[in-house]
Amino acid sequence: CDSVKGLEEMRAQYIKAVSKIKCDMLCYIRESKERAAEMIKTEVLRERQETARKMRRYYLTC
Amino acid sequence: PTASVGSIAARYLEEEDLRSQHIMELINAHTEELKRESEKIVRQFGHQE
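If you're matching them up, the sequences are chains F and X in order.
Heads up: the first sequence at position 23 corresponds to 23 in the numbering used here, and the numbers run straight through without jumps.
Heads up: the second sequence at position 31 corresponds to 131 in the numbering used here, and the numbers run straight through without jumps.
With the rest of the complex left out, here is chain F (with noise of 0.2 Å):
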């Protein structure tokens, strides 16, 4: 009855730490696509405005 005791306790300890693991990668992951997605945005963003600006130039020195 004991050893069915260590066996669960073993149990228990081995769950918790994966779950850690995944809860800590999940994160990570998470992370990482947002700061993708943010510099890609704000990229994106820039480029737009550089275009504007010269569209402006090309159209006022016409």
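Any given hint might turn out to be false.
Stated by the list, open to error - Derived lysine-lysine pairs resembling BS3-like cross-links, with alpha carbons at most 27 Å apart:
1. K33/F / K16/F
2. K41/F / K135/X
3. K22/F / K140/X
4. K5/F / K135/X
5. K20/F / K140/X
Stated by the list, open to error - So the derived label-pair ranges between C-beta atoms look like this:
6. Y59/F / E125/X: 54 to 60 Å
7. R111/X / C1/F: 54 to 60 Å
8. R46/F / L113/X: 18 to 24 Å
9. I127/X / R11/F: 17 to 23 Å
10. Y14/F / R111/X: 35 to 41 Å
11. I29/F / R136/X: 38 to 44 Å
12. E116/X / E47/F: 19 to 25 Å
13. S107/X / K33/F: 19 to 25 Å
These are calculated hints, taken from the structure and not from any lab test.
Just so it is clear, CB atoms sit at the ideal spot from N, CA and C, and this is done for glycine as well.
Chain X: place on chain F using the hints.
Below, chain X without anything else, positioned relative to chain F:
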């Protein structure tokens, strides 16, 4: 702006390296905790045999 795309990606990857180091430390901490706790359980239940 096209030339800076490379440097932006490089900076992203640099930061990503730091983040991956950090997550490795977290995972190591979890496995260390598992080692300590399971060791404790083995000692505790080993003595009773």
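Hints violated by the structure (numbers, ascending): Of the numbered hints given earlier, those the structure breaks are 2, 11, listed in rising order.
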